[in-house]
Structure formats: structure tokens, C-alpha cells
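Each chain is listed here by its residues.
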Amino acid sequence: MHLHDVWFVLIAVVWTGYFFLEGFDFGIGILTKLLARDETERRILINTIGPVWDGNEVWLLTAGGATFAAFPDWYATLFSGFYLPLLLILVCLIVRGVAFEYRAKRDDERWKRNWEHAIFWASLLPAFLWGVAFANIVRGVPIDAAKNFTGSVLDLLNPYALLGGVVTLVLFTFHGSVFAALKTLGEIRARARSLAAVLGLVTTGVASVFLLWTQVHSGNGRSLGALVLAIAALVLAVVFNRLGREGWAFTYSGVTIAAVVAMLFLALFPDVMPSTTDPAWSLTVSNASSSPYTLTIMTWVAGFMTPVVLVYQAWTYWVFRRRIGAHHIPGTH
Amino acid sequence: MNLALAPETLARWQFGITTVYHFLFVPLTISLSAITAGFETAWVRTSKEKYFHATKFWGKLFLINIAMGVVTGIVQEFQFGMNWSDYSRFVGDVFGAPLAMEALIAFFFESTFIGLWIFGWDKLPKKLHCACIWIVSIGTILSAYFILAANSWMQHPVGYTIDPHTHKARLDSIWAVLTQNTTQVQMLHTMTASFLTGAAFVVGIASFHLWKAKRKQAAGEPTDAKKIGVMRSSLRTGLVLAVIFGLGTAISGDTLGKVMFEQQPMKMAAAEALWDTQAPAPFSVFAIGDVAKGHNSVELSIPGLLSFLSHSNFHQAVPGINNVAKMEAAKAAIDLPLARHDGNPKDYIPNIFVTFWGFRLMIGFGMSSFVAGLIGLWTTRRRHWLAPEHRTGDEEVPRLMLTPNREMSTFFTKWSWRISLLTMGFPLIANSFGWIFTEMGRQPWVVYGLMKTRSAVSPGVSQAEVIISMSVFTVLYAILAVVEVRLMARYAKAGPNVEEQPPAEDPRFGGPYGGAGGTVSEESGKPMAFAY
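Here the protein sequences come in this chain order: A and B. Residue numbers for the first sequence follow my numbering, beginning at 1 and rising by one. Residue numbers for the second sequence follow my numbering, beginning at 1 and rising by one.
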């Protein structure tokens, strides 16, 4: 196994970490309008991710940085090619981060409402757009001999990619509502569970269609395994949610996300960005990667730091493991 | 194509706008996290309430600031790929590594422990809570180090070879990239400047409150002694830091200048508008240049000083712009078979107006803050250096004393307080001009001597796309600037909340919200100490 194959796996792991963690952050952001009925409930939801959302988002920066270091051509082609969708994602992440931090800083109705709109839309749009982006990566886009994207933004808005967007949107919202059921107390917890039950069924439906489409279009034996795992985990998440086993439901919604990412990457391998213009011009793990020296350095750094990061991030979740109820929100009683 | 709207020009404008904007928040984040950590340490060690209030107050301003620093930093991580894809392809093997390390080592630290610090007031024992903000502070410094190592490589590429087949830079020694002297000196200069920035910020806000209290006293209105106590400690801390780091900025700046004379003679010649090699070389105080003819039409200079600044003696020659340009043009024509390099010396001269004035404004604004700190430190000095009748208590507004017996006149006192408020933002202006100078002074190169900026842009990105993204970021950043400045001003004006009581007992580790309560049931627990 070459080092660039190891790094292909590591990049997939980082994206899995990102979607697993920020997936429920996006979900929570969407639920502030879908589930919360009043100011206190909105605050309960926001505070379930309060201490952790920022650390979760760094997984994205790591994905960006690691792709730059390990596959410079992938980084260059992907982000210059998917220019406008990425711009929209960046704008959303900027607005969303500021919104969490600033919303409660003034006791002014209009101020809070504006930031709440920001939280909702800036969670919903990236949740959708990441699906569009990854579906397009797997499907292939026009790339020329110089490794540059030659299509337009309209090429990215094909039915398959749009379905991919819908899948990540509903999957993250489902993941978020399972997380909400796990982290809250009182009435909102019960409602989060019933919403998760509905969202779980919708997700199972659209995800099955999308994953089968992926399998038919670009799948192989390994990706079929991940497909089966994804669907099985999703069904288990729905079942455990019905049974009120919130921890297990969350575990399996997380496994679903991991399996979906794994399936997309397995369908992709050994390409990293297939060219629809000429398969010979596709970006692959070998023609897009860095030198063995850089990959070796980065393997040491990642091998040492990733476990450390996982330990202290897990520790944070443990410190803030308690559920939040209305009586924990300051200034409401 | 209209040159003003060429993709290179647009991409450069976007990079300039987003980066200068991002760097308004970075130095404040670096310094305020350490200052907050210092106050929290003082509180943990002495249990003095004023340090608790200072921690909370500066911590709050720090959080408003870091929120903007974090989100504008996301753009930086992706901008290279979006607008500079040919650059990313060419340097990725070298440049990507420090960026990935920054995310893995520094960003995770900062973002995870900032969450623990914000929400951990009632969930972590005091010492552990204090350790969290120190880790954040270390994270911000590490982050600066990795990105400066990356930038230093653009200024002075080391530890690489150009691959004969791909014609791209290939990393040979990560150690050389991370430890070369450009990285070290840039790091030192950026850190000292960052702490000067935070110091001036603290001094300005503390002065605002103390001067307001002074006026209230004069008008016979009641003042809050506790608030004055917090602000007095903050003022002194800020002044001490301003002097130490002002001096540090000057020394490291001088060292960086010497390194640059050696590594990028063009940049320093441009900084001085020194058109032709001179020995001894004069330091230019003021100049109006004529770029077309390659000389200054008006100039006021100090003989020999530039020789001294570059070589530590008053007679050695300093190379001029025209001479370096010729040298670079000749070298580039031979060295770089990669397309689009030419041998016209004029193309190797950066924008002299921007570099010359950027350099002067950087020094002028930065050093004004240092001088203001020095004067402030003297006039507010310790009580036992003053005649007994002029001594003020810990919770009083200090008198501004020139000599042990002589207080400043009312007029100068008033202006002293005002000036420290006015100079609050000076280091921010100096930082911006510093970056504009060092990046513009490297032009036409994006990686000095290896790749020109115009070869670095994304060939596949259309003019319309760059215009859209530049407009979107400019408008969004402008709106956010208004929001953040108003919010910051609101909290800065309100001052510390001296009613707030420090936690009575040390919070139990990971216990329920609301402190050290005995019960552990989920249904119990008091409101969170902090909530969004």
C-alpha cells in the first residue's frame, strides 16, 4: 500500500469526522426553527452544541489543510472548480459562527431574531451543498489535461448531485434530532424523538435511492459493502430511536454518516476527481499527490496528533455530557 | 482585457481585503487570550476579586474578537485553492504541510479549549479552567508560527528542489522550512507587534473608564471604587506590556530589516525609495518618486543611516532599486524556463509608493504606541516614587505625575487620557501597513524568485466569479465590522460587572450545571454559569 493510499483513507477519515460532528451541529441549527417552539427551547438546542461546535468545525479546516498537503492538485482543482458553491458555504459558516457567539450578547428581540434566521439558513445551506459537492466529485466533472475544471456552476446542478444534497440535508437533520433527543430534557426531548422518527423514514427512502444510484453509476464490490452497512445502520438508528434508546440511536446515525462517506470514497478510489471529459485526465491518488517525503512527514504528524485530538475532544464531550433542560437556561425563571 | 479587472488584480484585491481584515482580529486574539489568562492566573493565585472581574471583562472582549478571527480564518484556508490554484499546485508539496499542521496542532487546541473555557466556569475546578485559557493562548501562538513559516517560505524559499519533471517545488527539509531565520524573525516581530496591539487596546479602554471616573468625581457624582480598581490594574498591565513589546517590536523589526536586506534587497530598497546603489546610503524621511524615470524628484534624508540599519555601520553600500531590478531580470531570464518570465528590469520593481509609505506608516503608528506607553508608564508610576500627598490608593484614579511633586496640568492630563484612547487602534493600523508593505514589496513574485504572482491565479475561474466573491466578502465583512465594533464598544463601555461574585467553592469536575451542588440527578442543577 502506497502512502498516497494511506492519505486517501486519512482524508476520508477527516471528512467522516467533520460530517459526523458538524452534521449534528447543522441539524441542531435547522431544528431551531423546525423543533423549538419558544426562546427557551431555541436556547436549549443551541447550548447543546455551544461548547463544541467550534472544535467540530476545525475538522473541515483539517480536511482542507490535509488535502492541500497530501493532494495539492485535488485541493486546487476542487476548490477552484466548485468556486461558487464553496463561496456560499464559506459565507454560511462565517455568518453561522458569528451568530452563535453574538445572538445572546444583546437583549433585543430583533437582534436575536436576525441571528436566529442566520443560524437556520447558514446551517441548512451547507448541509445541502456538501452533498451536492460530494455527489459531483463521485459522479465526475469536466476536467482538462491541465487538471483544471472546465465546466460551469450549472454542470454541478445535475439531478444526481441535487439528490445527494437532499440526502445530506435530511441525514444531518435526522442526526441532529437524534442528538437533540440525547442531550435535552423535558418536553422538547420527546418531540425531538418523534421528529427523528419521521426524519429517519424520509432519510431511509432518499438515501437508499441515492446510494443505489451511486452503486450503479460508479460502484464496485467494496462500495456495495459500505452501502449495505449504511442502510442497515440507518434502519437500526430508526429502530433504536423508536425504542427510546437515544444513545444507540445516535451511535447508529453516526455510523450511517461514516458508512455513507466510506461508500463515496470507495466508489471514488483510486480516482480523487474523475474527469468526464477524458478518463485519462482524471485526478488520481497517484497523479494528484505530494512527494513521498511530504507524505511521510504528514503521516508522522497526523499519526501523533489525531489520537491526541480525539482524546481531548472526547474529554470535552464528557465534561459537557449532561442533558440541558429549561431550568438550566439562565434568566428564564 | 482591462487591467484593473484582470483576474490577477481581482484575486490580489480579494486576498488583500480578506487577509488584512482577518489580521485585525488575529493580533488581538493572540494578545487578549494571554492577557485574560494572566488575569485569571492572578485570580486563582491571590483570590483577589478584582482579578476575577478583570478576567471576566477582558475575556468577554476577547470572545467577541476571536469569533470574528475564527470565521474569517476559514476563508484563508480555502482561498489558495479557489483563487490561486496554479500557486497551490506549484507549492502544495511544501506549503500545504505547515497549513495542515496548523489545523491539526493549533486550531484544534484553540477551538476545543475555548469551548471548555467559555462554558466551563461551573464545570471545571478553577486551576483546570485557568489552564484551558492558557492552552487557547498557546494554540493561537502555535497557529501564528505555522502560518508564518508558510509565509516566510514565500519570502525566502528554503528546503526544496524544483522537480525536473513536474517543474513544481518539492519539499526536501521540513526542518529548514520551520526553522529558517526568516521564520524565526518574522515570528518574533509578529508576536511582539501582536502583544503591543493588545496592550494598546487594554490601555485605551482602561483610560476611557478611569478618565470617565475622574470627570465624575470632579462633578461630584458617585463612582464605583471596584470598577476603578479593575481598570487601574488593567491600565498598569497594559502600559507595562506596551513598553516591553513596543521595544521588542522595534528590535525584532530592525533584525527583520537586516534579514530582508540580505534576502530581498528589492523590498528594502523599495521601502527606502533608494533608486541607485549608494555608499554610504541615506535613510529617506520623505520622498516623492518618479517611477518612470527611476529617481525621486523630492527627497529629505539622513545621511548614512540606511547603511547603519542594514549593515550596522555608516559606510557600507546598500543596493538600489534600479540595480537590483537589472540583476533580477537577468537572473530570472536564465533561471526560469517556466513560461511568462521576461527580462525587462522595470517588471521587477514593486509599487514604490505603497512600499515606501507602508513602511513609514507601519513604523510611525507602531512606535507612537510604544512612546505613548512609555510616557503613560512614567506618569502613572508606583506610589512610593511619589510625594505622599500625591499618592493614590489601589481603587482610585491615578494622578498623572511628571516628577514626584509635580502633577501634569489639567490641560495635559485631559489630553493624556484622550491620547491613550485615540492611540488604541494605532498598532492595528501599523500591523496592516506592515503586511501590505511586506507582501507588496515582494511583487512581482508570489514566491520570491520562483513564481510570479500573475502565474499563480486559477486559470479556470472566470472574471465574473472572482468579482462575485470579492464583492460578497467585502460587503459581508463590512457589515460584520459594523456589528462587531458596535458590540465591542457596547461591552467595553459597560465595563466590568463588579456585582458578579466569584464562585464560592471550587466547582466539581464535570458536575451538574450551576456549580458545586450536591445532587447529581439530571433533573436538578441550577442555571448554567454561561449560556448562548
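Don't take each hint at face value.
[As the list claims (entries may be wrong)] DSSO-like cross-link-like pairs, simulated, lysine-lysine; straight-line CA separation at most 27 Å:
(1) A:K105 <-> B:K126
(2) A:K105 <-> B:K56
(3) B:K56 <-> B:K526
(4) B:K346 <-> B:K293
(5) B:K326 <-> A:K105
(6) B:K48 <-> B:K127
(7) B:K127 <-> B:K293
(8) B:K212 <-> B:K258
(9) B:K60 <-> B:K526
(10) B:K526 <-> A:K112
(11) B:K56 <-> B:K258
(12) A:K105 <-> B:K226
(13) B:K212 <-> B:K226
(14) A:K105 <-> B:K346
(15) B:K212 <-> A:K105
(16) B:K258 <-> B:K60
(17) B:K414 <-> B:K127
(18) B:K126 <-> B:K56
(19) A:K112 <-> A:K33
(20) B:K216 <-> B:K60
(21) B:K60 <-> A:K105
(22) A:K112 <-> B:K212
(23) B:K214 <-> B:K56
(24) A:K112 <-> B:K493
(25) A:K112 <-> B:K60
Just so you know, these hints were derived from the structure itself, not from any lab.
Hint check:
For the proposed pair K105 (chain A) and K126 (chain B), the alpha carbon gap of about 25 Å is at most 27 Å, so the pair holds. Simply put, K105 (chain A) and K56 (chain B) have alpha-carbon atoms about 14 Å apart, close enough for the 27 Å limit, and the pair holds. Between K56 (chain B) and K526 (chain B) the CA atoms are separated by roughly 20 Å; this keeps the pair inside 27 Å, and the hint holds. For the proposed pair K346 (chain B) and K293 (chain B), the alpha carbon gap of about 11 Å is at most 27 Å, so the pair holds.
For the hint linking K326 (chain B) to K105 (chain A), the alpha-carbon distance of about 57 Å lies beyond 27 Å, and the restraint is violated. Between the alpha carbons of K48 (chain B) and K127 (chain B) the distance comes to roughly 15 Å, so the proposed pair stays at or under 27 Å and holds. Our distance criterion of 27 Å between C-alpha atoms is broken by K127 (chain B) and K293 (chain B), whose separation comes to about 65 Å. Our distance criterion of 27 Å between C-alpha atoms is broken by K212 (chain B) and K258 (chain B), whose separation comes to about 44 Å.
A distance of roughly 22 Å separates the Cα atoms of K60 (chain B) and K526 (chain B); the hinted pair therefore holds under the 27 Å criterion. Between K526 (chain B) and K112 (chain A) the CA atoms are separated by roughly 24 Å; this keeps the pair inside 27 Å, and the hint holds. Between the alpha carbons of K56 (chain B) and K258 (chain B) the distance comes to roughly 42 Å, so the proposed pair goes past 27 Å and is violated. For the given pair, K105 (chain A) sits about 24 Å from K226 (chain B) by alpha-carbon distance, which is consistent with the 27 Å threshold.
For the suggested pair K212 (chain B) and K226 (chain B), the alpha carbons sit about 14 Å apart, so the restraint of at most 27 Å is met. Distance restraint check for K105 (chain A) and K346 (chain B): the Cα-Cα separation of roughly 53 Å exceeds the 27 Å cut-off, and the hinted pair is therefore not satisfied. Using a Cα cut-off of 27 Å, the hinted pair K212 (chain B) and K105 (chain A) holds, with the two alpha carbons roughly 24 Å apart. Proximity of K258 (chain B) to K60 (chain B) is assessed by CA-CA distance (about 39 Å); at most 27 Å being required, the pair is judged violated.
With a CA separation close to 41 Å, the supplied pair K414 (chain B) and K127 (chain B) exceeds the 27 Å bound. For the hint linking K126 (chain B) to K56 (chain B), the alpha-carbon distance of about 13 Å falls within 27 Å, and the restraint holds. With a C-alpha separation of about 13 Å, the suggested pair K112 (chain A) and K33 (chain A) falls inside the 27 Å cut-off, and the hint holds. A C-alpha spacing of about 25 Å is found between K216 (chain B) and K60 (chain B), which places the hinted pair at or below 27 Å, so the restraint holds.
Pair hint K60 (chain B) plus K105 (chain A) holds up; C-alpha atoms about 10 Å apart against a cutoff of 27 Å. Of the pairs offered as hints, the one joining K112 (chain A) and K212 (chain B) is violated, with about 31 Å between alpha carbons and a cut-off of 27 Å exceeded. For a cut-off of 27 Å, the pair hint linking K214 (chain B) to K56 (chain B) stands: about 23 Å separates their Cα positions. The straight-line distance between the Cα atoms of K112 (chain A) and K493 (chain B) is roughly 21 Å, inside the 27 Å bound, and the hint therefore holds.
In summary, the hint linking K112 (chain A) to K60 (chain B) is supported, as the alpha carbons are separated by about 19 Å, within the 27 Å threshold.
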